[in-house]
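Chemist: In case you want the letters, here they are:
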Amino acid sequence: MTSTAVPNGTLPVGSGLRAPGRRVRRSSLAGLGLAPFLVYVALFLVAPTIIAIGSGLFAKDGSFTLASFAALGDPVILATFWNSTWLSLLTAVVGALVGALVCYALLGLSPTGFVRTTVDAACGVLAQFGGVMLAFAMIATIGIQGVLTRFLRDALGIDIFADGAWIYALPGLIPAYLYFQVPLMVITFMPAVAALRASWAEANLTLGGTRAGFWLHVGLPVLAPSFLASALLLFANAFSSYATAAALASQGSQIVPLQIRTALTSETLLGRENLAGVLAFGMIVVIGVVMCAYALVQRRAARWQR
Amino acid sequence: MSRAAGDIGPAPVTRWIIGALVGAIFAIPLVSTLLYTLQDADGALTLDHWISLFSAANPSVIKPLTAGLGNSLVLAVVTVVIVIVLLAPTMILVNLRFPGMKAAFEFIALLPISIPAIVVVVGLTPIYLQIGRTLGTGAWTLAFAYGVTVLPFAYRSIQASIDAVDLRTLTEASRSLGANWATVFITVLVPNLRSGLLAASLISIAVVLGEFTIASLLNRQVLQTALVVVGKIDPYASAIFTLLALTFCFLLLLALGFAARGRSRKVRS
Amino acid sequence: MTDAPLNLPPTGDNLLLADAGTGTRVDLVDVVKDYGSTRVLHGLDLRIRPGEFVSLLGPSGCGKTTALRVLAGLEDASGGSVLMDGVDVSAVPVNKRDIGMVFQAYSLFPHLRVRENTAYGLRRRKVARAEALQRAQDALELVGLGGFADRYPHQLSGGQQQRVALARALVTAPRVLLLDEPLSALDAKVRVQLRDEIRRLQLRLGITTVFVTHDQEEALAVSDRIAVMNAGRIEQIGTPEELYSAPATAFTAAFVGLSSIVSAVAEGARARVWGRELTLLEPASGDVELFLRPEHLSLVPSGSGDAQGIVQESTFLGSIRRTLVRTDAGELVRVQHDAALRPEFGESVGVRLSDHPVTSRPLTPA
Chain D
8 MTSTAVPNGT LPVGSGLRAP GRRVRRSSLA GLGLAPFLVY VALFLVAPTI IAIGSGLFAK
68 DGSFTLASFA ALGDPVILAT FWNSTWLSLL TAVVGALVGA LVCYALLGLS PTGFVRTTVD
128 AACGVLAQFG GVMLAFAMIA TIGIQGVLTR FLRDALGIDI FADGAWIYAL PGLIPAYLYF
188 QVPLMVITFM PAVAALRASW AEANLTLGGT RAGFWLHVGL PVLAPSFLAS ALLLFANAFS
248 SYATAAALAS QGSQIVPLQI RTALTSETLL GRENLAGVLA FGMIVVIGVV MCAYALVQRR
308 AARWQR
Chain E
134 MSRAAGDIGP APVTRWIIGA LVGAIFAIPL VSTLLYTLQD ADGALTLDHW ISLFSAANPS
194 VIKPLTAGLG NSLVLAVVTV VIVIVLLAPT MILVNLRFPG MKAAFEFIAL LPISIPAIVV
254 VVGLTPIYLQ IGRTLGTGAW TLAFAYGVTV LPFAYRSIQA SIDAVDLRTL TEASRSLGAN
314 WATVFITVLV PNLRSGLLAA SLISIAVVLG EFTIASLLNR QVLQTALVVV GKIDPYASAI
374 FTLLALTFCF LLLLALGFAA RGRSRKVRS
Chain G
1487 MTDAPLNLPP TGDNLLLADA GTGTRVDLVD VVKDYGSTRV LHGLDLRIRP GEFVSLLGPS
1547 GCGKTTALRV LAGLEDASGG SVLMDGVDVS AVPVNKRDIG MVFQAYSLFP HLRVRENTAY
1607 GLRRRKVARA EALQRAQDAL ELVGLGGFAD RYPHQLSGGQ QQRVALARAL VTAPRVLLLD
1667 EPLSALDAKV RVQLRDEIRR LQLRLGITTV FVTHDQEEAL AVSDRIAVMN AGRIEQIGTP
1727 EELYSAPATA FTAAFVGLSS IVSAVAEGAR ARVWGRELTL LEPASGDVEL FLRPEHLSLV
1787 PSGSGDAQGI VQESTFLGSI RRTLVRTDAG ELVRVQHDAA LRPEFGESVG VRLSDHPVTS
1847 RPLTPA
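Residue numbers (my numbering), protein chains in the order written: chain D, 8 to 313; chain E, 134 to 402; chain G, 1487 to 1852.
Think of the hints as simulated: they come from the structure by calculation, not from any bench. All the pointers check out, no bait thrown in.
Simulated restraints, written as ranges between beta carbons of each label pair:
{"id": "1", "chain 1": "G", "residue 1": "Gly1644", "chain 2": "D", "residue 2": "Ala231", "range": "25 to 33 Å"}
{"id": "2", "chain 1": "G", "residue 1": "Ser1805", "chain 2": "E", "residue 2": "Lys235", "range": "43 to 51 Å"}
{"id": "3", "chain 1": "D", "residue 1": "Gly295", "chain 2": "G", "residue 2": "Ala1659", "range": "49 to 57 Å"}
{"id": "4", "chain 1": "E", "residue 1": "Asp299", "chain 2": "G", "residue 2": "Ala1755", "range": "52 to 60 Å"}
Selected chain D positions facing chain G (Cβ under 7 Å, derived; list incomplete):
{"id": "5", "residue": "Ser206"}
{"id": "6", "residue": "Glu209"}
{"id": "7", "residue": "Ala210"}
{"id": "8", "residue": "Leu212"}
{"id": "9", "residue": "Leu214"}
{"id": "10", "residue": "Gly215"}
{"id": "11", "residue": "Pro228"}
{"id": "12", "residue": "Val229"}
{"id": "13", "residue": "Arg310"}
Heads up, the beta-carbon is just placed ideally off N, CA and C, and yes, glycines get one too.
Working from the sequences, and respecting the hints, build out all of it.
Modeler: Okay, here's the thing in structure tokens:
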């Protein structure tokens, strides 16, 4: 093609004509700029975590010991871990399914349209719905004197607490957790659902497939990794959750976070020292495994969303 | 065929059914809470609870609430400062100077999701003992821990904004036009990252106002711990407060959402 | 692709090859398409012979993609009908029309390997898995990707993905092959290579093909006939040569190939320009504008020729040069000539017209 004259002007940045020494200095100076943040994270995230886990390794007198870890075998502690696990699993699965259903209902709507903007805002609020406030709402609804409880009792004759005040025990956490699990699912899963291409649906039709066949052969398989990843995230979210349970079950300690609370606030629980540290270690292991699985599955899902 | 071939979404009827069903289920607790605050012990409708809360007749309710709210607001401000002064510049630095470290940085930023607050707080106790000796035991020092709590959310907002704006190209363009780093920062970086910084700040405020775990186990008085205290005395007051906070946050996010949609609509040709 | 480059037979003779195949006759009869109150297609009439390669050529928004989608069944026509082998298929849903379609981009299913992607249409037709995979493998060999059968789409380049899409569309032996700007998203070099391969394949299989593009060079290179579209109507249908050398309308003359526009005075079958008389393709009278092809102009030494001018710029294109000359009358004309001749910026030159029939349009008011 036509050759054009090179305009007179400064040579581009990074042309390599600067003195090498100066370049090295600038690079290390910039590296120094990362230091404040790294120090901050080290001090307020890494250090506490190491201290938390490490506190299980040292007895009160400062000697290194693995004896505290025997607490993990204690039937009460095992039951606590089991409770946390099935509660998280249940709310993750139900939350994932209901959340996916909502995402399906939103599929095809304009992302900047009225409905999606409003639903996004609602999910944003509810997913972060502080545990304490959620507990109050639950008590107001299905507490002993709750509005729904009264309505069911007075209008329909159903006493939901006939077998005991389950709302303040483990089962009471289920509706509470679902209240923030479903919005969290919508937030995490919607991008994957929205990434389904119309051209795949059209290609499916031109190749002789049906609309139902599209979901069976293309849609659901493509969404499966993202669905799994989001469900794993929901599990980790439920397992880590403390505030809701703390506010609802003010006395009990049936799940691991509550057990940690008890260990921190009382001196001699089960006569074991450093129980909080051991429990923290257990929690990190569980959540660490789940988050590793999440990262692996998410990577696969992201590949297909390109 | 009444629907376009590429239309994989559900029929409008299906949308409505799902929406109505799920919407109703999620509305029940909110409506119930509202009704709860409007009923007295016998179930008759009354505005007494609302009136008594706002007439400040109840010092044992108002005092802890205002103290907690005040602390939480201070904490929110300090946390936002940490985000803007510490996190954002570091992210800009990483994106411009050390793009190879982006993956490692993302790992660090998302770490708090894998390390729940309840675990971190176990190890924070000795650290805050030291802080208490040097900086005092005011509630505001919690902001250091909160900065870590909001890290994943703030990171996502700012990173999305950095990606959307292609910071590297803009920086290189302005540098090649002769701007020094200060000018680049003021005239290019900050204006373009405004929306990301704003979103990060708002999410941080929301998270800080809703935080309970760390504050409660480090024995500081914030909004959520105050609500628990108040809830034991006057369950109606805490229910009212819950509704107010929720409505406020929802309207705020809604306003943000519609503002963003207005902006993006303008840009589309 | 291991085939040596073919001598592409001159267009117009290809129907002989295609007749030997099992091509399907396709007709669009008075097809109308409305989107709400906007009419996008105004009574389109297109008769495609069995085995023919027809391109729909036009600028963005002219309705060419809409016409293709109506043909495919992805959109319903608001009026008129679509016929295949004389049978009205307007009411037949897209998945029963037995077509093969290649989309502009990203139509491969991301979760399936290339072989499974290609076999997808066969599996939907209840072909046994082993047979489907084998036929898919054969189709992939045909497009030169036999060794890529185990890869996933995201591991392929854009050109490779489109080849897989082509194999996927062809493996079911459809009646018609429809291509919606399949090369637009690709690099220039890949585009040229792939369009030749598509044409080669089409000739071998004798399948009726409709190809949508906005690139006139592409359409000229591969088509038996081209339908030039503008604002929902067909401006002209003809072989590439007909469109190029005898454009029926000003739009076609401007859209297909390069043209320079000069003013002239028309008198019936002839027009007077630059002191010369040229034959008009369509009779006209009064003040007109003529469309002159670069290859019908030549550079001569200053002082001779039909018009004088100053060289504005000269573009080197390998085997030829195109030089932009501003005539003394102020008109800009593009002249094509041998690359050895190197006009300089500002040089005075003469321009000579060759005696070739031209298209005209009434002079547009300034």
